[in-house]
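Hey, can you work out the whole structure from these sequences and the hints?
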Amino acid sequence: MEITGFGGLLTAVVFLPLAGAIIIALFVRGDRNVRVFAGALTLAELALSIIVFVQFDTGTPGYQLVDKFEDWIPVDTFPVQYFLAVDGLSAPMVLLTGLLGMVSVFASWNVRDRVREYFVWLLILQTAVMGVFTALDFFMFFLFWELELVPMFFLISIWGSGRKEYSAMKFLIFTILGGAFMLVGILALFFSTDTFDMTAMPAAIQTAGLVMPVGLIFALFFLAFAIKLPIWPLHTWLPDAHTDAPTAVSVMLAGVLLKMGGYGMIRISAGMFPEVISDVAWLIVTAGVINVLYGALVTLRQTDLKRLIAFSSVSHMGFVLIGVSSVVGVGGVVSPVGLTGASLQMFTHGTITGLLFLLVGYMYEKAHTRYIADLGGLATRMPILASALVIAGLASLGLPGTSGFVSEITVFLGTFEVWSWPTALAAFGIVLTAGYILWLLQRTLFGPQKERFADIGDATFLEAVPIAALVIAVLAVGIYPAFISDVFTAGVEPITQSIQQIARAGP
Amino acid sequence: MTNQDLYILSPELGLAGLALVLILLDLVIERKQVLPIVAVVGLAIPLGFSIALWFDLEGLGLEDSILVNTLEVDKFALFFKFLIIGVTALIVLASTDYVKRFSRFRAEYYSLVLFSAAGMMLLASAIDLITIYVALELTALPIAALAAFNRDARSAESAMKFLILSAISSAFLLYGMVMVYGFTGSTSLGDIAARLGEVGLSPETPFGSHALLFGIVLIIAGAGFKLASFPFHMWAPDVYEGSPTPITAFLSVASKAAGFAVVLRVFYMAFDIPIVSVEWSAIFAVLSALSMSVGNLIAIRQDNIKRLLAYSTIAHAGYLLVGVAAIASRSADGDSSGPSGVLFYLGGYAATNLAAFTVVIAISERIGSDAIDDFAGMAKRSPYLAGVLGFSMISLIGVPPTVGFVTKVYIFGSAVETNLEWLAIVGVINSVVSAYYYLRVVKVMYLSPAPSMEPIGPGLPLRLAVLVAFAGTAFFGLYPTPLLKLAIAAAAGLVA
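Protein sequence lines, in the order shown, are assigned to chains A and B. Read in order, the letters of the first sequence are residues 1 to 507 in our numbering. Read in order, the letters of the second sequence are residues 1 to 496 in our numbering.
Hints should not be assumed to be uniformly reliable.
[To be verified] So, partial list: chain B residues that the calculated Cβ filter (under 8 Å) puts toward chain A:
#1 Lys100
#2 Phe102
#3 Ile394
#4 Pro401
#5 Val409
#6 Tyr410
#7 Glu417
#8 Glu421
#9 Ala424
#10 Lys443
#11 Tyr446
These are computed hints drawn from the structure, not numbers from a lab. Glycine included, C-beta positions come from ideal geometry on N, C-alpha and C.
Following this line, the structure appears as structure tokens:
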């Protein structure tokens with residue numbers, strides 16, 4: 001089936017932030033003007049991504065809103081095309097990126113150092129992430145995947161705190177290493193199938209003679225995603241990068257950059273290598289359980305607010321892995337519930353952890369400490385921040401009515417039948433999560449008021465805007481999950497179906 | 001010599017003529033600033049002839065010429081002529097500020113650059129071992145003189161080193177050529193290939209025969225010097241550091257490109273027979289892996305920007321050798337993007353490295369230092385120059401949206417295509433290592449406080465050179481198609 005067309009909508013979504021960055025770099029002068037311009041731009045970007053999400057029709061199978069231009073590099077031996085489109089898997093990720101992109105710009109309102117440069121990089125970062133989620137040509141996918149490195153490096157190393165240069169370099173080296181392996185994987189697929197087209201790839205891999213063992217190609221890709229997600233023991237860059245990054249960058253990093261790993265795992269590892277992923281599903285579920293439990297245990301021991309949330313991300317990303325591992329199926333039946341759960345978990349974790357990092361960032365700006373032992377009794381002084389933190393915390397531990405509950409229950413529902421014991425073990429992670437979240441809330445918000453916080457202020461109106469946006473997102477998914485889960489289900493169904501066909505055809 | 005012969009040689013003759021005109025002009029004019037203008041504008045002559053040849057390739061009548069079997073004019077040769085003319089033009093522009101320090105010899109400086117460039121262009125066309133040797137010497141001798149132009153201890157050491165090592169490597173090369181000539185009875189690459197097909201090489205012996213083994217290994221050693229690839233790279237850091245910076249740039253881009261032209265010609269034309277090519281391809285693969293690893297690892301420890309770029313060019317010689325090693329007979333479907341990958345990479349690398357070097361020339365001329373730490377705060381002091389240098393560093397790592405990214409993907413692709421996956425993996429790991437030291441330069445410029453806020457203010461010609469090189473890096477990064485198509489067309493001429 002040939003996919004063609006050029007609607008232009010996705011092109012606008014992907015390149016609007018980049019265009020804004022160029023305009024800021026060249027024309028906009030004055031810190032205030034830069035902020036206002038970037039804010040307006042990301043609001044427009046959010047509106048565009050909502051349009052993408054609304055226009056996406058779950059009833060129509062396959063890719064939609066196609067922007068395809070085949071003659072980008074029209075060389076027979078290297079046929080790269082310009083190809084953007086969304087399916088059920090990527091449409092919600094576009095929405096998430098648009099939302100967090102807006103949030104991160106508003107969260108940066110208090111940046112005072114080298115303001116113009118800062119917003120330029122932040123906007124380029126958003127283009128890169130949008131590109132990863134919408135590109136359907138492997139060359140483009142990889143281009144956007146790598147493009148994200150440069151802005152991240154500058155954002156952490158210039159505007160970060162603590163050991164920022166070390167953390168930035170560590171982040172960069174880890175990510176670029178993953179990307180390097182993925183490049184070999186992409187090239188191997190290209191020379192096996194003679195195409196970079198990701199939509200044609202699943203079928204082409206089945207029929208083509210591969211230049212490398214299929215397991216090796218799978219591993220090359222998987223390693224890149226494992227570093228990005230991250231999977232224990234490749235996670236060590238994450239706490240450093242999160243802790244030392246400025247607030248808005250932590251929001252982007254936790255909210256959408258980690259999801260590039262999960263997205264790649266579902267779209268590429270599961271979507272293109274159905275046999276291999278079924279064979280190694282036991283490994284993935286093991287890694288998932290380790291991530292959940294190890295992450296939660298380490299989180300319990302943290303004393304720095306940002307580091308705490310960073311490690312909780314490791315734990316929560318474990319649920320994505322567990323959801324993905326359900327693809328092995330039971331008795332030849334592969335249900336899409338597990339993969340839907342994994343994608344939902346990505347979405348909800350993006351909003352919840354984005355919110356957590358945002359709130360912690362604001363609290364740090366006001367209290368000038370992230371050290372939990374120094375905080376306490378903040379609830380009466382900053383009611384808006386405190387109640388938002390309670391909502392985010394409860395969502396993070398999976399309270400019904402919040403988005404965290406929806407995604408985790410879906411993961412468990414999809415996976416329990418397939419991997420009973422590991423899932424049960426992972427469910428214990430919820431208990432640990434409840435432990436560290438409630439303990440965190442108690443130590444920071446409640447308890448006796450401290451003298452030094454006597455005249456601390458609450459969130460200003462401008463700060464309340466991104467908080468409100470994310471709180472709404474968290475509650476909306478919690479109350480009416482179908483609007484997002486149906487889209488995800490439409491996206492992952494073709495993948496589970498192809499795995500099921502192979503399972504049936506097999507011995 | 002007929003007119004046809006002259007036409008075939010016209011780019012080289014034009015360039016050499018231009019060099020002579022410059023020296024003569026120097027005698028009669030007082031305003032020496034005219035010289036670089038004459039040089040750059042004059043480059044339009046060889047460029048024009050090259051373009052004319054590109055369109056006349058069909059009816060050139062090379063068979064009737066006295067140059068038959070000595071020089072080949074094909075798209076491959078012309079690709080290199082374009083590249084070398086472009087690089088030379090930028091080097092001349094970039095030199096205008098620098099030459100002020102040796103004011104008495106400006107004309108000699110420019111004309112030596114042009115003579116060397118003429119040698120390089122001849123190299124790209126040469127298809128006879130003797131012609132190759134002569135062209136190589138024509139390339140190298142002016143550079144030895146140019147390296148000494150600063151006339152201080154450093155510069156003299158660098159020139160001496162270059163001269164002696166270049167002579168030794170030429171000796172290796174000659175010895176290798178003699179072996180090959182003794183075995184095949186011909187110095188013409190086409191004849192050598194034909195003879196190798198006839199003599200019946202024994203599959204048990206490496207390279208089919210011991211004489212050939214000796215000959216080819218020695219040729220690789222001699223050529224390795226030109227490419228500055230491991231283990232023949234020792235001269236590069238010292239020579240690069242001591243030479244005038246524009247000459248360093250010339251060496252690292254044009255000289256390397258000419259070296260690869262020779263390697264591709266000799267190995268793809270003369271030694272293309274599978275029983276031999278499997279062997280040398282393995283040697284090049286190993287040299288490639290070692291060259292990039294050694295170059296990148298040593299570069300980490302450098303604190304002088306010229307030395308850092310020297311080791312970086314050693315590493316890039318390694319990446320380029322990937323394409324040389326990726327011969328078609330290794331791949332499943334019998335074609336290889338190796339040679340086109342080398343040309344494509346050379347084009348992108350020339351733009352990127354010149355962007356880096358032109359900025360380094362501008363900055364170190366102003367601050368009087370090549371130490372990386374002295375580039376501190378350059379982002380504040382001179383945001384555009386720092387931006388270009390940062391961008392070229394990113395391109396050297398191979399991160400989008402730069403030309404370095406596309407060329408890296410393409411050349412590592414040729415390794416995967418020809419069952420050299422291990423080499424591709426070594427290559428990508430190396431590009432991770434290289435990120436560390438390239439980004440250190442960026443970090444110093446963007447994160448360290450500036451000791452002074454004085455702008456750098458390079459002269460107009462130098463600014464033009466920076467702009468052109470940067471534009472190439474950025475444009476081909478976003479739309480590589482023209483360069484890639486040119487490279488593929490040129491490489492097709494080589495294999496056919």
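- What hint numbers does the structure not satisfy? Result: hints 1, 2 break, sorted rising.
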